[in-house]
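Construct all of the structure, not just a fragment, from the sequences and the given hints.
Chain by chain, the residues run as shown.
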Amino acid sequence: MKYLDEYRDHRIARALAAEIVQRTTRPWVLMEICGGQTHTIMRYGIDELLPRAIELVHGPGCPVCVTPLETVDKAIALALQSDVILVSYGDMLRVPGSRSDLFRAKAQGADVRIAYSPTEAVKIARSNPDRKVVFLAIGFETTAPANAMAAWQARREGLTNFSMLVSHVLVPPAIRALMVSSANRVQGFIAPGHVCTVMGCKEYEDLVRDFRIPIVVGGFEPVDILEAVLMLVRQLEARQLGAGVARLENQYVRSVSYQGNLPAQQIVAEVFEIADQKWRGIGPIPQSGLRLREEYAAFDADRVFDLGEIAVDEPAECISAQVLQGLKKPTDCPVFGMRCTPENPLGAPMVSTEGACAAYYHYRRHAVAS
Amino acid sequence: MSTKTGVEINFELSCPAPLAAKDRILLGHGSGGKLSAELIRDVFLPAFQNPVLARLDDQAIVNVNGQRLAITTDSFVVKPLFFPGGDIGSLAVHGTVNDLAMGGATPLFLSAAFIIEEGFLMDDLRRVVNSLRQAAAEAGVPIVTGDTKVVEKGKGDGLFINTTGIGLVPEGVDLSADRARPGDKVLLSGSIGDHGIAILAQREGLEFETQIQSDSAALHTLVAEMLGTTRDIRCMRDPTRGGVSSTLNEIAERSRVGIELEERSLPIYEQVRGACELLGFDPLYVANEGKLIAIVAPEAADAVLQAIRQHPLGAEAQIIGTVRKENPGLVTMRTPFGTTRIVDMLAGDQLPRIC
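From first to last, the protein sequence lines are chains A and B.
Under my numbering, the residues of the first sequence are numbered 1 to 370, in order.
Under my numbering, the residues of the second sequence are numbered 1001 to 1355, in order.
Hints may be right or wrong, so weigh each one.
Claimed, not checked - Here chain B is said to cover these stretches of chain A; the calculated rule only asks that three of the stretch's residues, wherever they fall, bring their Cβ under 8 Å from a Cβ of chain B: (1) 54-61; (2) 121-132; (3) 223-235; (4) 357-365.
Claimed, not checked - To list a few chain B residues with every Cβ distance to chain A over 12 Å, as calculated: (5) H1029; (6) A1047; (7) Q1067; (8) R1068; (9) G1085; (10) F1120; (11) D1123; (12) T1148; (13) N1162; (14) Q1271; (15) T1339; (16) D1344.
If you are wondering where the hints come from, they were derived from the structure by calculation, not from laboratory data.
Even for Gly, the Cβ is constructed at its ideal location relative to N, Cα and C.
As structure tokens, this is what we get:
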């Protein structure tokens, strides 16, 4: 497949890996932000191609994983109302809330439907005027434009039976939170290519300057990730020799521009505003999420429905916070693969296939056992 | 956020408790993955326990007057009823014929039972029945008995079909999922993922440059050719629900062996790969209805591969892997990068990814 095969070419990958080996003179801790990148690293065994001195730490960029338990519980509560059709991206259905998940709600009679695009949810609202259609609008900056477009369309059409349960998270505030944490070990970031396709690289300039840390916007195929690692290693090793300052670089040039997709940013800004946001497995991060603007209050499920206060106490069971900060590997957890599995996840990173723990579980158990 | 400020986050150890006991059937229980296996282990096996059932093969093989009789049954609930490359009628014949064939049996007779929803179009029923007739005739396996039930509107989903098949296992043929041995080769009769993606594309209205056709086909003549070549075939399975991955995981578990696949030897059509990329699916978990996997003794592998390739349904057959004694119960895959990863069994169905 064009634009894919060349980025999965094992000869190019090995050549990049060889150059990384050659240039690496000391240990470096690098974080890939996006769960899609973690997935590729595990699936293709990219970390096995790297020298031992390079440690890849898996970031919090799995939108399904970091969606708060409260949001999942609210979605389930809404879905169980007989006049509601709850529409969601497919991989949210298996995500456990505090007591149940959307698949189980469906088995109890809830009308839960999978959509490939949020505008399908608008279509469902249009053709079911006697039902209340709620779209579970989650994700990073990547899904925000499409989700915003759904609300915009519903408002323009004057639909009164469409709303969105919003849990949107933003990448730059999360990187900032990681960097100011006293436990931080990360020395370079691979920024998420899809998020930057929408938002551009420009958002990351401040982080590079404020924390003097190199950031490379990276793609999702094996060659992309190896090239991004090489770009980080070049910067880090050069600075070690006293040459150069930390820079923002773009590996994913076939998709990402400096300014990003301006019409997409515009629709997001028109519909959403920045707000404090809770991240599952991490906690609240100020100004790290999106909520619907006042003009869109009629489309905000949190305001349309009286859901009361759903507060969930999360028992201190797993080590997800340390995993998401790169302080521990999933396999350091005593319950990994034993009491905590993708069928019965105890914590956020085991929830979706893009979570770090689930990626280790699906692709690496054998290496742990042997 | 342009100054070097930020609030230090207290990264709390916050995780949810595991979900309470499973008190209802979920769609995933029908996916052919881990949930299906749990259901069989926890509910059906303890209730019906007997040594024939305990083999957990796709068909039961019982001795009757010195003859080995193979029996299998399968229900078909596919939506849409008509799809590129087949329909529920032909599928109901192929699926059951294949379950017999995977035990090495020569299929003899089929039954067909229909559960029809009130209001179902008579024309559609005729079309399905005609397709069953034609598929049975082509396979040379007559439908000799049947049943009809009609349920109230809203109490069924158009049409469900159950078929049962019986056949005879020739002398000297002994195929079972617990017979794989280290060193054996894993053979696959052709491209994977075609059926599942054809159904999904039709159901979700996804459009691709070329239409993906279901591979639905009866495999018993291919099996007869293979068994005519050698008796050193240990096991055969058709990788239907749950795909190649679930089938190989079952064999690895039943035989207490590891199975190592070579990623670059997997035959996958370009448009199937493309659809899987788009949806975030792995073709190893997508259903097939006209492919078989054979575990073959190493010395016989090439001869069997040639026999498969000479059959019209096996032109693209490949040796895709080897049975190992390492990692018993696990399926692993060598990537083109020289690294190895697990090919896990899924809990339920694959779900389209958010991004």
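Taking the hints in turn, this is what the structure says about them:
1. 54-61: violated (count 0)
2. 121-132: violated (count 0)
3. 223-235: violated (count 0)
4. 357-365: holds (count 5)
5. H1029: Given a closest Cβ separation of 9 Å, the condition is violated.
6. A1047: holds, 22 Å
7. Q1067: Holds, because the least Cβ-Cβ distance between B/Q1067 and chain A comes to about 42 Å, which exceeds 12 Å.
8. R1068: holds, 38 Å
9. G1085: holds, 22 Å
10. F1120: holds, 23 Å
11. D1123: Correct as stated: the minimum Cβ-Cβ distance to chain A is 26 Å, above 12 Å.
12. T1148: Nearest chain A Cβ is 29 Å from B/T1148, so the label holds.
13. N1162: Since the minimum Cβ distance to chain A is about 23 Å, B/N1162 lies beyond 12 Å and the statement holds.
14. Q1271: violated, 10 Å
15. T1339: At roughly 3 Å from the nearest Cβ of chain A, B/T1339 sits no farther out than 12 Å, so the non-interface label is violated.
16. D1344: It is violated; B/D1344 is separated from chain A by about 5 Å at its closest Cβ, not greater than 12 Å.
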